[in-house]
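Given the coordinates of chain A, assemble chain B onto it according to the supplied hints.
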Amino acid sequence: MELAHLAAGIGSALIIIGGGFGIGKLAAAAMEATGRQPEAAGGIRTTMIIAAALIEGISLFALVICFILAGK
Amino acid sequence: MYTDSTKAIADSLTRPHGQGASQGSDWILHHIMDGNYLDFSPIGKIYLPEIEVMGFNISITRHVVFLWLAAILLAFLLIKTARRYKKTNIPNRFTGAIEVLIYFVKDEIAKPSIGGGYEKFVPYLLTAFFFILFANFLGLVPFSATVTSNISVTATLAIATFSVTQWGGMRKNGVFGYFKGLIPHGIPVFLLPIMIVVEILGLFTKPFALAMRLFANMTAGHIVIYALIGLIFTMNTIAVAPVSVGMALAIYMLEILVAMLQAYIFTMLSAVFIGMAVHQDH
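Chains A and B are the protein sequences, given in the same order. Here my numbering is used: position 25 in the first sequence is 52, and no number is missing along the way. Here my numbering is used: position 222 in the second sequence is 428, and no number is missing along the way.
Bound conformation, chain B alone:
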């Protein structure tokens, strides 16, 4: 009883390398990458429309669908929580769980890393934290796609952090004072040309690392799961199935941890960078 996708996997694995465009690991990338359809494989596929406006391809892809789903879910849950707290201060079971996370971001991440004047940046950090958390967890649901394993999404998030960092730093220190403060005090004059280049490069490597970290972590976990499942097809025997499914399950548990940890780390590093831009004196 072969479905379409298992047949495609088996085909791509049995075909010798170098023949045709297909290689052994193609089906993994196929699952990770963006596509024009929602894959409910044994049941069927839903094809999404391709839209092109003025030469730009803005078609609604799999990742766009799950990006919107994460956003809608997030808006629905958080607006519900906010409404409840407008009426009464007593949390119920559901709003209590959200409140714990909000206080965690505010008191454990924003306050110690940014310091004075941290309140202004809490809304951005909360948005980033909850969006990444929801997107990561949505990617662990069967038949769904991980939005954060798309480099464009993580790059957008990193650019948002970059903008907030620069805006915060310039607002506090003034535009000139901010750029002056990037270079440490009391270094010899002959080092200045090197330091200016290094510091300006440093401005851009920070968001680049943020984007790459989230992207690589979310992609790598899914590739490992797919590779473990793919062992069954590579060895072409059912005897290896208990081992590979068991190991895939263990990696899945690790993925749950990574999903939370990456949301935390992205928010934490954003807060640290903002704190470095706002309080340049130390």
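Here chain A stands alone, though its shape is the one from the complex:
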């Protein structure tokens, strides 16, 4: 039981590292693109939000596994 809890904790920490890194990189690239081409800001923002939501979706899948482990 304790090992399952430990696994859930470590797992969620890893998820946050991965998801945070992904979204951070995405936002940096989007900002750079907006800086280079300010007139395309609207389209870039929309694409960025969709991509961020997809990254978030993947990390939520992993989070579900952590929830299951934590509930053991």
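Hint data in this document are derived by calculation from the structure and do not stem from the laboratory. Remember, predicted model here, so these are calculated numbers, not experimental data. Ideal Cβ placement from N, Cα and C applies to all residues, glycine included. Accuracy of the hints is not assured; some may be wrong.
Claimed, not checked - Not the full set, but computed from the structure, chain A residues with beta-carbon under 7 Å of chain B:
| no. | residue |
| --- | --- |
| 1 | 80 |
| 2 | 84 |
| 3 | 87 |
As the list claims (entries may be wrong) - Covered by chain B, per the in silico footprint, the following chain A stretches (three or more residues, Cβ under 8 Å):
| no. | segment |
| --- | --- |
| 4 | 48 to 59 |
| 5 | 63 to 77 |
Relative to the frame of chain A, chain B by itself:
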């Protein structure tokens, strides 16, 4: 001056782990999860009736009450707006605010993401957007419950999006053409078995991610607020109260942003999925 719920919190925190069923974070889940009562804690609790029909438990719970409240509020405000626009085209202060949101969903979400023939899907997107927005904001009102932090509610919304997506795709491309169009053109034949499995899985992971995203975002924010408030009881001192209340307030502000953002993202992704199903050629 301990009320019932603060005593329960203090009890569950001081009791050592493993003794009894209660653990340190039980009271948080108690607040997040569905229950058979409305909690107006310092004043009292209103217990709701339990109804069972043919072995199914269809009792009216806290989340059902706030689900209905959101629906009634939504119907009242939007019907009022619609009536006003039937009479005159000049918006007043209130209908103007609703109109801005409706045009936002129509022009910024539906039109660019779906493309041609987007008008058919605007009513569904508007319904989803306004319902999620109202449910999220209702959850931020003190003494209320967040409907969207119940996985059943978000799953129902995701199933609605899934149905609309499939219906739209099949109507435009035909049933056979729709399933054929799921697989990209010009891939080698030996990849086909893998691609078919992947694409069919992809059909179901999209609504699953939609449901999980809304659920996790709304639940996580409330858990963080409760955990920050709970610090006062864990440390058992009033000195930590200004810090934890201040931080809870900051998270609450973030929650207002998240409430709007999640309504936007759910609608946006629904529109993108519908657009992908309707226009399969790109």
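ask   = Per the CB criterion, is residue 87 (chain A) less than 7 Å away from chain B?
value = holds, 5 Å
ask   = Hey, does the residue 84 (chain A) contact hint survive, CB to chain B under 7 Å?
value = Hint holds; residue 84 (chain A) Cβ to chain B Cβ min 4 Å, cut 7 Å.
key: Three-residue Cβ test at 8 Å for the coverage of the segment 63 to 77 of chain A by chain B   = Result for this restraint: holds, n = 3.
task = Closer than 8 Å, Cβ to Cβ, for at least three residues: run that test on the segment 48 to 59 of chain A against chain B and report holds or violated.
result = violated (count 0)
ask   = Does the interface hint hold: is residue 80 (chain A) within less than 7 Å of chain B, judged Cβ to Cβ?
value = holds, 5 Å
Checked against the numbered hints listed earlier, the structure breaks hint 4 alone; every other hint is satisfied.
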